[in-house]
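Peer 1: Build the full structure now, drawing on both the sequences and the hints.
What follows is the residue order along each chain.
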Amino acid sequence: MKKEIIITGYGGQGIMQAGNILIKAAILEDKVTTFFPSYGAEMRGGAANCKVIISDEFIGSPIVYKPDYVLCFSRLAFEKFRKSLKPDGLMFLNSDLVKIENNIDVLVLEANTLSEKFGSKIMANMAMLGLFIARVKLLKQASMEEAIKESFKHKGEKIVNLNIEVFRAGLDCV
Amino acid sequence: MIKLMKGNNALVEGSISAGLDAYFGYPITPQNEITESMSVRMREEGRVFLQTESELASVNMIYGVAMTGKKALTSSSSPGISLMQETISYMAGCELPTVIVNVQRGGPGLGNISGAQGDYFQAVKGGGHGDYKMIVLTPSNVQEMYEMPKKAFYLAFKYKNPVMILADGVIGQMIEKVDLNELAKYPDEDEVFNASDWALTGCKNRSSRFIRSLIMEEGALTEHNYKLLEKFNKMEVEVDFEEVSTDDADVVLVGYGTSARIIYDAYLNLRDSGFNVGYLRPKTVFPFPSKRIAALADAGKKFMVVEMSSGQMVEDVRLAVLGKSEVQFYGIPGGGVPEVETIISKVKNMM
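Protein chains in written order, with our numbering: chain A, 239 to 412; chain B, 610 to 960.
What the hints contain is simulated information worked out from the structure, not anything from laboratory work. Here the structure is a predicted model, which is why all the values come from computation and not from measurement. Even glycine gets a Cβ: it sits at the ideal position worked out from N, Cα and C. Keep in mind that the hints are not guaranteed to be accurate.
Stated by the list, open to error - Below, a sample of chain B positions facing chain A; criterion: calculated Cβ distance under 7 Å:
{"no.": "1", "residue": "Leu-613"}
{"no.": "2", "residue": "Gln-782"}
{"no.": "3", "residue": "Ile-784"}
{"no.": "4", "residue": "Tyr-873"}
{"no.": "5", "residue": "Asp-874"}
{"no.": "6", "residue": "Val-946"}
Peer 2: Set out below in structure tokens:
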């Protein structure tokens with residue numbers, strides 16, 4: 239099993255953080271994983287994406303052209319990546335940021351709105367991760383939460399717990 | 610200790626494990642994590658870190674440090690490495706052990722910041738002037754970014770010659786699992802790293818020494834060049850490569866660094882479809898695995914060379930094959946990445 243994921247949006251939305259959480263969770267489950275970021279102009283507001291591969295075997299190229307899954311946080315990225323999805327691939331869309339017409343096979347979540355219920359929209363990336371994991375079950379909830387804990391522990395217990403709560407709220411949205 | 614780490618950061622940890630005494634660097638994408646992380650880690654270790662005012666200063670500082678017998682390293686990306694070529698030639702002339710890391714990006718000129726492999730000629734054929742060679746190591750994963758600095762310093766001191774680690778932006782920027790366990794000791798490493806018989810350490814109680822590349826006496830420079838040539842020829846024993854399933858292969862895929870990862874995907878896919886293909890990845894490009902490639906050509910195997918360039922290493926493959934077999938090339942220059950599907954269709958056409 240080899241799954242290729244692109245997380246894409248703008249700098250400041252936690253695109254890289256979401257990718258890092260996926261690879262940390264993958265390692266906790268003894269999977270093989272790679273992460274390759276876009277780099278250079280990834281300051282707040284610039285286009286940013288990261289490519290994550292999770293597999294049971296050696297991974298050759300870390301670069302993803304035809305993803306199995308796309309987690310999308312911007313209109314620009316939506317247009318760019320909907321065409322590159324594998325035929326049986328899935329797009330997960332933050333519908334607070336991108337409004338789309340009906341009848342498109344996309345899983346949508348008002349991730350900003352959901353995150354705001356916990357105090358701030360900046361945890362929309364956690365909500366999207368929750369939706370993603372609930373839908374594709376690529377990684378276990380426990381390892382995801384461990385990875386979230388690991389990623390935010392330098393910010394204190396309160397922030398760790400908030401992020402886990404938003405992740406769980408995302409899980410419940412499927 | 611198993612960790613998830615960027616290639617650039619793994620190189621820092623590997624350099625520190627290798628006993629690096631002094632790092633000098635000037636920022637440039639896609640290797641900024643090296644300079645950034647060195648600024649923290651070298652100071653934690655109580656060793657020398659200096660962010661210089663330019664790449665020229667960096668390379669000349671490792672030139673100076675090497676004269677004292679200490680381990681010095683600089684890192685940069687393609688345009689910065691171009692600036693260093695003069696001093697690399699001087700270090701080769703002076704027979705000084707240093708390590709230079711090139712995390713290649715797209716060129717020529719300032720180019721772009723994407724990973725690329727357009728600096729092969731510069732690294733392998735001598736970007737500086739004069740008859741010299743550099744051992745060139747080509748990491749293809751984050752684990753090798755951790756392990757190769759130690760090997761680079763060992764070879765640099767063994768041959769008293771600059772050594773280059775020729776990585777690229779993809780290997781530098783990607784994160785994967787790395788085992789940061791202590792690096793194995795070379796059996797003769799204490800002897801190799803002992804610079805007491807040549808380093809400039811102050812001449813109290815011994816006769817003075819000179820290290821210089823200006824050799825004006827009639828015939829002396831020719832003699833010096835022959836001595837260097839003998840040394841470069843001896844480096845042949847350091848050739849290193851990884852080879853998979855070449856025995857029954859009709860076509861052997863050849864690539865280094867990131868290209869090697871891409872051809873590995875193509876290799877697996879073609880094998881799954883029943884095509885007899887092999888995989889050969891040089892881990893050193895000087896010395897180059899010419900003898901092995903020549904033997905494979907003698908056995909009638911064809912070659913598909915893949916690079917993130919317009920075609921540079923392919924010339925060394927052709928030199929090894931000497932027209933005895935077919936050599937095809939597929940590459941994308943300027944920071945582009947060869948596509949697995951294209952490799953597959955090109956290899957099928959060779960069958």
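Peer 1: Next, verify each hint and record whether it holds.
Peer 2: Evaluation of the provided hints:
no., hint, verdict
1, Leu-613, "holds (6 Å)"
2, Gln-782, "holds (5 Å)"
3, Ile-784, "holds (4 Å)"
4, Tyr-873, "holds (4 Å)"
5, Asp-874, "holds (4 Å)"
6, Val-946, "holds (5 Å)"
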